[in-house]
Each structure stands twice: as structure tokens, then as C-alpha cells.
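> Given chain A's structure and the hints, the job is docking chain B onto it.
Top line first, the protein sequences correspond to chains A and B. The working numbering puts the first sequence at residues 89 to 647. The working numbering puts the second sequence at residues 136 to 757.
Among these hints, one or two may not hold up.
Reference listing, derived: stretches of chain B covered by chain A, where coverage requires no fewer than 3 residues with Cβ under 8 Å from a Cβ of chain A [what the hints assert, rightly or not]:
no. : stretch
1   : 439–453
2   : 537–549
3   : 652–659
For the record, the hints were derived by calculation from the structure and aren't laboratory data. Note that the structure is predicted; figures quoted are calculated from it, not measured. Backbone N, C-alpha and C fix where the C-beta goes; we use that ideal spot for every residue, glycine too.
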Amino acid sequence: MEFAELIKTAKVENVQLSCPGLPPIKGTLCITSHHLLLSSQPGGNGEPGTVELWLLIRNVDAVEKRVASSLGTITLKCKDLKVLQLEIPGMEECLNIASSTEALSSVDSVMMMYPFFYRPQSMKLKDGWQLYPLQHYYQQIASETGAWRLSCVNGDFTICSSYPPAVIVPAAVDDNVLKKAARFRQGGRFPVLSYYHKKNGTVMLRSSQPLIGPNRKRCQEDELLLSAVLDGGERGFVIDTRSAQAAKQARMMGGGTEPKSSYPRWKRLHRPLERGRPLQESFIKLVEACNDTSLSVDRWLSKLESSKWLAHVKGALSTACLAAQCMEREEACVLVHGAEGTDTTLLVTALAQVILDPDCRTLAGFQGLLEREWIEAGHPFHFRYAHSAYSHARLKQEAPIFLLFLDCVWQLGRQFPFSLQFSERLLLMLFEHTYASCYGTFLCNSEKERCLCEVKEKTHSLWSWLNQPSEWKKHLNPLYTYNALVIWPSVEPQSLQLWQGLFLRWIRSSQYLDEAWAEVQRLVTSHEDAPEESAGHTRCHSQPDAAYPLTITGTANEG
Amino acid sequence: MEHIRTTKVEQVKLIDRFSTSNKSLTGTLYLTATHLLFIDSSQKETWILHHHIAAVEKLALTTSGCPLVIQCKNFRIVHFIVPRERDCHDIYNSLLQLSKPASYDELYAFSYNPKQNESKRLQGWQLIDLAEEYKRMGVPNSNWQLSDANRDYEICESYPRELYVPRTASKPVIVGSSKFRSKGRFPVLSYYHRDKEAAICRCSQPLSGFSARCLEDENMLHAISIANPAHHYMYVMDTRPKLNAMANRAAGKGYENEDNYANIRFQFVGIENIHVMRSSLQKLLEVSGTKALSVNSFLSGLENSGWLRHIKAVLDAAIFLAKAIAVENATVLVHCSDGWDRTSQVCSLGSLLLDSYYRTIKGFMVLIEKDWISFGHKFSDRCGQLDGDSKEISPVFTQFLEGVWHLTEQFPQAFEYNEAFLLQIHEHIHSCQFGNFLGNCQKEREELKLKEKTYSLWPFLLDEQKKYLNPLYNQDFSQKLVLLEPNTVSFNFKFWRNMYHQFDRTMHPRQSVFNLIMTMSEQNKQLEKDFKELEAKMKQRNRQPEELLTKEPVQSVHPASPALKTSPCFKKEQPLLPMNDSIRTIEGSNTADNRYREYMEELSKAEPAVVSLECGVARMTC
Numbered sequence: 089m090e091f092a093e094l095i096k097t098a099k100v101e102n103v104q105l106s107c108p109g110l111p112p113i114k115g116t117l118c119i120t121s122h123h124l125l126l127s128s129q130p131g132g133n134g135e136p137g138t139v140e141l142w143l144l145i146r147n148v149d150a151v152e153k154r155v156a157s158s159l160g161t162i163t164l165k166c167k168d169l170k171v172l173q174l175e176i177p178g179m180e181e182c183l184n185i186a187s188s189t190e191a192l193s194s195v196d197s198v199m200m201m202y203p204f205f206y207r208p209q210s211m212k213l214k215d216g217w218q219l220y221p222l223q224h225y226y227q228q229i230a231s232e233t234g235a236w237r238l239s240c241v242n243g244d245f246t247i248c249s250s251y252p253p254a255v256i257v258p259a260a261v262d263d264n265v266l267k268k269a270a271r272f273r274q275g276g277r278f279p280v281l282s283y284y285h286k287k288n289g290t291v292m293l294r295s296s297q298p299l300i301g302p303n304r305k306r307c308q309e310d311e312l313l314l315s316a317v318l319d320g321g322e323r324g325f326v327i328d329t330r331s332a333q334a335a336k337q338a339r340m341m342g343g344g345t346e347p348k349s350s351y352p353r354w355k356r357l358h359r360p361l362e363r364g365r366p367l368q369e370s371f372i373k374l375v376e377a378c379n380d381t382s383l384s385v386d387r388w389l390s391k392l393e394s395s396k397w398l399a400h401v402k403g404a405l406s407t408a409c410l411a412a413q414c415m416e417r418e419e420a421c422v423l424v425h426g427a428e429g430t431d432t433t434l435l436v437t438a439l440a441q442v443i444l445d446p447d448c449r450t451l452a453g454f455q456g457l458l459e460r461e462w463i464e465a466g467h468p469f470h471f472r473y474a475h476s477a478y479s480h481a482r483l484k485q486e487a488p489i490f491l492l493f494l495d496c497v498w499q500l501g502r503q504f505p506f507s508l509q510f511s512e513r514l515l516l517m518l519f520e521h522t523y524a525s526c527y528g529t530f531l532c533n534s535e536k537e538r539c540l541c542e543v544k545e546k547t548h549s550l551w552s553w554l555n556q557p558s559e560w561k562k563h564l565n566p567l568y569t570y571n572a573l574v575i576w577p578s579v580e581p582q583s584l585q586l587w588q589g590l591f592l593r594w595i596r597s598s599q600y601l602d603e604a605w606a607e608v609q610r611l612v613t614s615h616e617d618a619p620e621e622s623a624g625h626t627r628c629h630s631q632p633d634a635a636y637p638l639t640i641t642g643t644a645n646e647g
Numbered sequence: 136m137e138h139i140r141t142t143k144v145e146q147v148k149l150i151d152r153f154s155t156s157n158k159s160l161t162g163t164l165y166l167t168a169t170h171l172l173f174i175d176s177s178q179k180e181t182w183i184l185h186h187h188i189a190a191v192e193k194l195a196l197t198t199s200g201c202p203l204v205i206q207c208k209n210f211r212i213v214h215f216i217v218p219r220e221r222d223c224h225d226i227y228n229s230l231l232q233l234s235k236p237a238s239y240d241e242l243y244a245f246s247y248n249p250k251q252n253e254s255k256r257l258q259g260w261q262l263i264d265l266a267e268e269y270k271r272m273g274v275p276n277s278n279w280q281l282s283d284a285n286r287d288y289e290i291c292e293s294y295p296r297e298l299y300v301p302r303t304a305s306k307p308v309i310v311g312s313s314k315f316r317s318k319g320r321f322p323v324l325s326y327y328h329r330d331k332e333a334a335i336c337r338c339s340q341p342l343s344g345f346s347a348r349c350l351e352d353e354n355m356l357h358a359i360s361i362a363n364p365a366h367h368y369m370y371v372m373d374t375r376p377k378l379n380a381m382a383n384r385a386a387g388k389g390y391e392n393e394d395n396y397a398n399i400r401f402q403f404v405g406i407e408n409i410h411v412m413r414s415s416l417q418k419l420l421e422v423s424g425t426k427a428l429s430v431n432s433f434l435s436g437l438e439n440s441g442w443l444r445h446i447k448a449v450l451d452a453a454i455f456l457a458k459a460i461a462v463e464n465a466t467v468l469v470h471c472s473d474g475w476d477r478t479s480q481v482c483s484l485g486s487l488l489l490d491s492y493y494r495t496i497k498g499f500m501v502l503i504e505k506d507w508i509s510f511g512h513k514f515s516d517r518c519g520q521l522d523g524d525s526k527e528i529s530p531v532f533t534q535f536l537e538g539v540w541h542l543t544e545q546f547p548q549a550f551e552y553n554e555a556f557l558l559q560i561h562e563h564i565h566s567c568q569f570g571n572f573l574g575n576c577q578k579e580r581e582e583l584k585l586k587e588k589t590y591s592l593w594p595f596l597l598d599e600q601k602k603y604l605n606p607l608y609n610q611d612f613s614q615k616l617v618l619l620e621p622n623t624v625s626f627n628f629k630f631w632r633n634m635y636h637q638f639d640r641t642m643h644p645r646q647s648v649f650n651l652i653m654t655m656s657e658q659n660k661q662l663e664k665d666f667k668e669l670e671a672k673m674k675q676r677n678r679q680p681e682e683l684l685t686k687e688p689v690q691s692v693h694p695a696s697p698a699l700k701t702s703p704c705f706k707k708e709q710p711l712l713p714m715n716d717s718i719r720t721i722e723g724s725n726t727a728d729n730r731y732r733e734y735m736e737e738l739s740k741a742e743p744a745v746v747s748l749e750c751g752v753a754r755m756t757c
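In isolation and in its complexed conformation, chain A is listed as follows (with noise of 0.2 Å):
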């Protein structure tokens, strides 16, 4: 396939962007392969007019048009939830460009996608790639107990497709027994170790569910491989992400949960939270409701509670503390699973290392906490996220888990903002690049699935963008400072709030917001540079950034 094909007209003069809360430009509309650019007329006392709209097409989610007589109007609902409309002379043209763009915008084909094609100047190809391996997070806990040993029998992804290479498993087991374990589980995914909390030696580990099907299956090896983890006496906790109901439920399609007779020291708690289609619809329902700013006030609460996503917000929360509580006071080890072990799991898991672990807690450790817990564990982000809230599109496997992860995560950092060294800009940076990015870092399915297209040698990655200096430091929070504690959220209704920065983020005037976060920065910055001992912390040093201009040009350009 040939983007050129896909392009019938190029260029328009005279059309006009309009955004909420900026002025409309008027400009030239170009479109490329990848890109919607707009570069407006010279201004007229001799400015160099080039404001400029770079829009990465791939960022479209819904293009919706109106012709009236010679002026067409293209509205483009764009994946990070912003709005622009664009007013083009001519109704061919019109008709032309919004095709191109949805052509565009829906190619499917990983290896057409942008992240492929973008070259900056300034990186490296295959930097960044290797920053956060697997073998360095084993190497921690090797370091403390000689209870766990790095298995490389998914080397060619046989025995589970959706699963990294490499993986920790207790030492006490050997390859055969994965082997056969895996035939015991979802997907393959046998129970690996996702955690090890330093604290008290317990760990988490994850997997998908075991095969019991109807007629009761049970498999020595699965049972030998999580028996092996605990010690002694020890008890263990199964939290399932589905009810105890949909668990039992799942044995008719040939799934289920770990029976209490074929698993004796594990108990069994169930902690249903959503995903799929109902998290999907949870999510473009709390767009709607957010984007019709015309609703009163008791539509709105009505419309914000009928969406659910803050109860959504709830659960996985609760749940992560849940699991953390398990390990932390109950000092007992933990597996967590929903049906494939994927969705629920994950940000069970994750969100249990952020309560946890100061070190996920880190810019960089949180880098790692993403690339070993929702990267390589086989996040299906292609799926997920090829489209967001606004899109027409028949929905197939969309759903915002990753999504809901940052937003759990943003909730944590407004309860204990000074214990995330990363700002909030690093969650919304993050949430664009799950949709549409021009690195390859959310590429894919699975490791497998980046092995084969050849992701990590023809794209860049994410991470080496973010930890360039300057951006690196954009990202930080300037209130950090490093907290050793385990950082125990309320999740009482009244203390949970809706996200404002990403879901009003197009809709609202942050302006004054903006400047109040500017001035926190500033007084932090400026007290920063008084002697240490007046603060009796250390904390890194950041310049003041106003938050997040209302820009058009946006994330997706840097290029």
C-alpha cells in the first residue's frame, strides 16, 4: 500500500482552524502520510506567520464533516480527547481531506505506522531499548535470596505467546514443570513473579487463570509451581479480578479459579473490577458528560455517576491496596489473575508496586514498572488503544485499562504529592502516546509481537525521548521528595476526584490554575536553592514550568 493513494488532495489554501480557547487561524492545510499541518498566513505587520497545527493523523479518532453549499467543515475528535475544527473552501477538497484522513487514521498496519518512518536527528535508533531489562530486576532479588531464578524457556515465545522472553520463576522449579504448567493456564501464562517486596521477602506474582473447565481439571505441576513459593506453614492469597461467580461462570468455557481442595495454603478473595466493553463505554460516557458543558448541575453529577468510572477508579484502587495489604501487614505472598491475565492483572500489580515500592515511584523506576509489568507482560496496547471515546468505528478490543492505571496513579500523587517524582504532565504525555505516538515503545501486542516487526531496531523508544535532560526534567515533580513509606491511599468516595488535568483538559481554562502551579514551582525552586538544612530534605532541583499551555501543536510533532 501506497499513504500517496490514500491522498487525493494535498494542500488547501485559506482554511481556518478553530480550537476552544484559542483563536482561529487561517492557513494552509497540507497533508502528508502521517500528518495534518497547517501553517497559517504571514501576519500582517511582517510576522513570520507560522503558527502551526502538526497533527499526527494516527491521533484522529473521529472525523466528522458538513458540506453547505462551497464550505465544508471537518471536526476532528482527536484521541487525546481534543476538539478542532477546520473550515476548508471547497467542498472537494472538504470531501478529499476528511477521506484522506480517515484513511489515514485507521491504517492498521503496525509497520506503516509513523513511529517506522520518524528519525530525529538528535536519537538513536535502538537507544533506550534496554534501558529497564528484566535480568537487572532479577538481579535485585537474586542479590537477596537465592529463592528465585531467571527462566529463559519462553525464549522463542512457545510456550506463551504474550509472554517476555525471560522470566522469574521460584529456583526450586524446573522448565518442564513451566512447560507444563503453562498448558494449565490461559494463554500460557503460568504464574511468574511480578514483585518481590524487599521489606519482608514476600512476593506478587501473576498469571492468567488456570483451565479447571467442568469436569474439574487439575494439574500437579501448576499446583507444584505455586506451592513451591510459599514456605513452610506459609499461606498464601489468590486475588481473582472477576466475582467469585463470573469465576465459576468461566469453567463452563473451560477457565475458572484455583479450587481450595487442589490448592490447600492459597486463599481465594474476589475482587471484581471491569474491563472491555464496559470500561470502554465507562470511558466515552464520562467524555460525553465532561464535553456538554451546557448540563446542570444535577445532570452532570447524574451523568458522572452513571458512568462509573470513578467507581471504576475505586476498585482498582482498593483492590491494589488489597493486595499490597496482603504482602505488607500480612507478610504473605500474593497471585493475582482475572481470565487471560492481561487487563485486570496488570493494573492490580502495577498499582500495588506504586503503593508499595518508593522505587517505582522514581521517573526512572516507574519507566521500569511500565516496560516489565504492562510492556513486556504482554498489555495488549494495539488492541486496547486503536481507538479512544469519540471514534464511530465498531469497537473491537478497545478498552482504557492503561488509562484507568494513570489514573489510580494520578489519584496517589494528589493524596501524597510530594511521595511521585514525576508530575502529572508525565501521566498525560503517557496517556497520548498510548494512542498515538511516534515512538515504538506502545507498539504491538507483545514482545513477540515487536520481535516480528522488528520494533525495537526500526523505531525509537519512548524512554530515550524522556530522559533526555530537558524533557526529563519537564517531567519531574518539584515537590518530590523520596518517601520510604508505603503510601496507603483513602478510597473514600468523597477523596477520590475526577481528573480534571486530562478530561477537561481541552474544555476548561486552566489559566489561573496554570499560574498558581507556576508560582508553587517558583517558590519551591527559589527556596530550593537556601542552604539543606533549612529544608532537612533533599529533593531535585527542577525549574518552573508553566503546567500545560493550551497548545495545538501538541506532543505529536516532535520532529
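Relative to the frame of chain A, chain B by itself:
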């Protein structure tokens, strides 16, 4: 003291309000003449002023004792279990009496003694001077003058003695108009906008019934209208819903007929009455006090209470008022029924939007003195300070404070004061500890001799104003922004957790940015001061280091001299807010806490697979 039968009960349990398994602290309960005091085994004290008690309830006897639930007007709810029923009964009866004083002289303000000398006490009462405030606004002037018509409260008992009226309004017009207005509350000046020469005036509803007219009242409005040289029309805002206003006509009251008054633009704004507001707050508190509340029941409860809708209605009205003045240069006359509830809300919030002075600590005190205290908002009745008609109680002033809080949320740099200031004022409208909010009007306050017998709250707040300063306040911002134009889109209306869950600390963020910034700016100021002192000392001694100081650019907050590094002032980190335990403590992350055990017990139960995570995780951690 005759109400107190038992002064001390031991082995009383204080139950965690939101715990589903009734986790508790054990301690001793003391009953004093003014307070109920609970001291737990770790010597932590909980003080409850009798005047703050809104309701006491004795629940059915349980195996562990007799439960006593106390609801406070500052939204604290405490739940005790008293081991012996007789003690519980005694305390219950005492509190019932003590929380409902029958007469003013029983109120705390008359016994409160901060050990201040008499002249200082009197000075305190002179801190806020309304004549001074009208002067600041620019009255009297060629259009407005001080009227002596109410000098001895002869035409309106609930108004102050000093009233400003248009120069062209003669005494007979004033008297005539007052006779045509409910409770004699005729139109008077509330705020004068110097730049626009436009005014906010306030009054009560006219006694117009279905057809009555009053020439003097019509003249009065005309006089107000022409006192604004720029404009030929004025707005009359009836802050009630149209239906309510129409119903009043049947009782011989009502609203202005546009045909009878020259050049008025009449407008209803639809704020509900005190009874609707009271039951709305009741519903809100029922929802927020529910144990193990789900997100969905919280949101639907919030919606059903209508509380945020009412807050929005009040703010919308204030914005309408402020815009009429700032944008159209038009004078506005505001009324409701009696002109002391909704009218006070709208006039004061409107002034706050228009004039940055009211966004300072002193200015806010003046605003409350003017639009609420002097114009006869019935604090005593609305706050239920004395045992009386419970239908008179209504959270009208609370709504005003919440409106202000919503503005501070949208304009974090426009206010000199912070949330703690609003909460503290709310505390004291109910505490009856100071004289300011006692009584229902100025006349009553004079009769009570409050200025002779009690203390004024304002100097005390001013003394500790460090606690109430907004570290982000930007005076330039405040001046350049002539009119605050808040966005009243629905999603900007939020549940005010720090008001309604002020005492439920587990729901609050565990680290406070605000406290940190406060401490930092405080330290910066201290550094600056020390630096100047040192600099002065060095100059005095005329020694070398002077050179060193001038070489480096002296930035106020960047101490440049190495000598400063060892200054002892860096080491002190005094907490600024009462709740600020220490600067970056993480509340609720103490490992040696007892809530967790409760969770463990649950977790260790034998029943299969169902472990309820105690309603909030926080429960287990604090």
C-alpha cells in the same frame, strides 16, 4: 453548672465514625461548664464546645455499653460508647440542656475570658469601622449621603443606625418607602462602585400584593436610579424563584411591577428559601456520613441533595449582579423576601467579585460586618444559638462561605486568605465564643451590651493571621483583575470535603502542598529577616564580609553568606497550622496503627473467600 450531674466517666469508647467493625479508642470523658472533653489513652484530646452540639442521640443499649452520638454544627460527628447506662443518661441529659441555652447570658461569649486588658478589648471592637469602609468606597459623595432616618431604629429595627441613601431621597420618601417594604427594610446602599458610579442596593420585598402601589417607594427607586449619572435604567433582582414571589402576592407582599417603576429591569434569579436549603444540607450530611459509601451512591446522593445546585444558583446570581455593574455600569437593587438571607448572599458575593479589597483578610471581615452583621442576617436564629424554633435554622452563611471557597478554587491567587480562614469563621458563627455573631441584628446586639461584655473575633483572627494567609496570593493579580469572572459550568462545582469532613482526617490528602508552601514562604521570610539583621550587624562592625555580601547579587530568598548557613533559624520548623503536625509527615502511614488489626481479624476469619476491605483502605492505616 446545675445541668451537670456527672463530670467524669472512665472507660468510654470513641468509635471511628466510618469503621464498619466499630473500631474504637478508649479514654475518659469529662464534662465541663463549656466543653465536653475526651482524652484517649494516648493523651490525645478531643474538645467539643457545648454550643457546637447540634443534636445528641442515645441509641439502644448494646453489650459493650450505651451508645451516644453527638452531631456538631461544624460537621464533627462523634460516637461514644459509655459503659454504664446511668452515666450515659446523665451525660445525655446534661448535653441536651447545655447545648440549648435558653437565653443569651448563658452563651460562652459572656464567660469567655482571654485575659486581655479592657482597653485592648475595646480596641478590638474598633478594628472594623463601617463608616471607614463607606469612605473607602467613596461615600458620602455628591449622589449618596448618610441618612439619620434610622438613628434610633425608629423605621427599621433590623437595619443599622447608619444608612446611606441617595441625596435626592427625602425623609418622607424614605419613611413612605419603608412602610411599603416588608419589616420596614427599605432600599439602602450596600456597595458603591467608585469607577462605575454604580451601586448595589438592598431591601426587602414590596408590600405590593396584587395591585398596591406606593408613590414614595417608586420615588425611592427613581432616586437610586438617578444617583447613577451614567445610566437611565437599573436592575431590580428578586433573588427568589418566580413562583415563591408570586405566592407572596397573595399575602399582600410580592415584587415590583415594572409598569409602576420608571426604568427598572426586573429579574428573578431563583435561589431557594431557607427551608429548602436546610433540608438540602440535611440530605448532603446523610449521604456523606454513610458508612462504606460507594462512589455511585455518593454521586447520586450529592445530586439528590441539590446542594451544589443551590451553591451554583447563589454564585450565578452574584455574577449577574457583578456584571450588571462592571459591564453595564448599571445600579442593581437586590431583594428576596425579608432581605436578610439570599440578599446578603448575593450582595456580599457580588461585592467580592467586584472589589479585590474583600479578597484580603481585613476586607473579608469588613464584608461580613457590613452585609451580614450590620444588615441583620439573623445569625442567632439561623445558627440556632438559643433553644428556639428549629425551622429558623438554615445554612445560609455556610453557603456564602462555600461560594467563596469555590471562587478560591478557580482563582487560587486572587485571595489573601485561605481555606482555613473560611473554616475558622464558620467555626465561630456557631461557637458563641465572641460577640460578633450573637443576636439577630444591631439593635439586639446593643441591648445585649456585647461591646461591653464580650470580645470581638476579628482581632484574634488578625493576631494569628499567619495561619490564614494564602501563600500563593498575588496582589498584582488581584488588582489587574478588576472583575473576577468565574466559570459556573457544572463540573466546577465540587463537594467541599474539607468543610463537611473537616474532622475526618483519613479522607484528606496525606501530604499537604499548602502546608509545605506555607512553611517555605514563612522560612523564606525568616531568612530574609535574619539576613537583613546580619547584614546590619556586619555593617555595624564594619568588617570585611560586607564586601562579600555586595559582590554576590543579594536575592531576598537566597541567602548568600556562608555565615547564614549555620544560623540556628534554619533548624526550626515550627508548624503553622493546627493540623500541620510537621511539614512532610504522612498522616496515616504509621505502621504501629491499630486499624490494621481489625483488618487482619477479618482476613483471618475462616469463611471462604469473602474478605471485605474495610470501606476505605485508609481505615486500616490510621
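> Hint by hint, note whether the structure agrees.
Evaluation of the provided hints:
no.	hint	verdict
1	439–453	holds (count 4)
2	537–549	holds (count 5)
3	652–659	holds (count 5)
Of the numbered hints stated above, none is contradicted by the structure.
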